[in-house]
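> Sequence:
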Amino acid sequence: MTLEEAQEIVSKYGAALASGKDGEFARDKGLLPASRDRIIKAFKLVCAFHIKQTGLSQEFGEALINSLVSINLFADKVTYKQVNSNPTQGIQFMVENGRDGELFDEINQFIGKVYELNPDDPLYYQRVYTLANIEYRSNAEDAKSTLFQRLFGRR
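Under the working numbering, think of the first position of the sequence shown as -2, with each following residue one higher.
Think of the hints as simulated: they come from the structure by calculation, not from any bench.
There's no promise every hint is true.
Simulated pairs of lysine-lysine, DSS-like, Cα-Cα distance not exceeding 25 Å [said to hold, decoys possible]:
no.: 1; residue 1: K110; residue 2: K26
no.: 2; residue 1: K26; residue 2: K49
no.: 3; residue 1: K49; residue 2: K9
no.: 4; residue 1: K49; residue 2: K110
no.: 5; residue 1: K38; residue 2: K26
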């Protein structure tokens, strides 16, 4: 995953989260731009980018984290319809899924570890990818892969 891909995923996730209507308790899982795991990894990369560039302001960091920990509000179509048509089920759904405490802790721990890194280290992003459990590919590797794909039609 590149930083550009991560930023696009985070942006599309925000749009999906904001797509709900007044009175809805759940969001349609079909609106998610990627899998839950890939969205979490994208958020981690975006946080690390901001930490390196300007520091992660408390306001922006809280906005990112608070939106991400709402990821469990996305439900399959059957649950989405049931929960949003029945206020009692909707409230129960919100109580059970409204905020993922484990994910909140995971992201905060990740941010703490990234702050321990030296942003001037030439291996900063390689270390960030390792912390986020994402395969790291240098620009040179991406260029070779893209050239190979163009020449031979596959990776």
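> A separate judgement is required for each hint: does it hold in the structure or not?
A quick look at each hint next to the structure:
1. K110 with K26: Between K110 and K26 the Cα gap is close to 31 Å, so the pair fails against 25 Å, i.e. violated.
2. K26 with K49: Violated, at about 32 Å.
3. K49 with K9: 23 Å, holds
4. K49 with K110: The given pair, whose Cα atoms are some 13 Å apart, holds under the 25 Å limit.
5. K38 with K26: 18 Å, holds
Hint violations for this structure: numbers 1, 2, all remaining hints satisfied.
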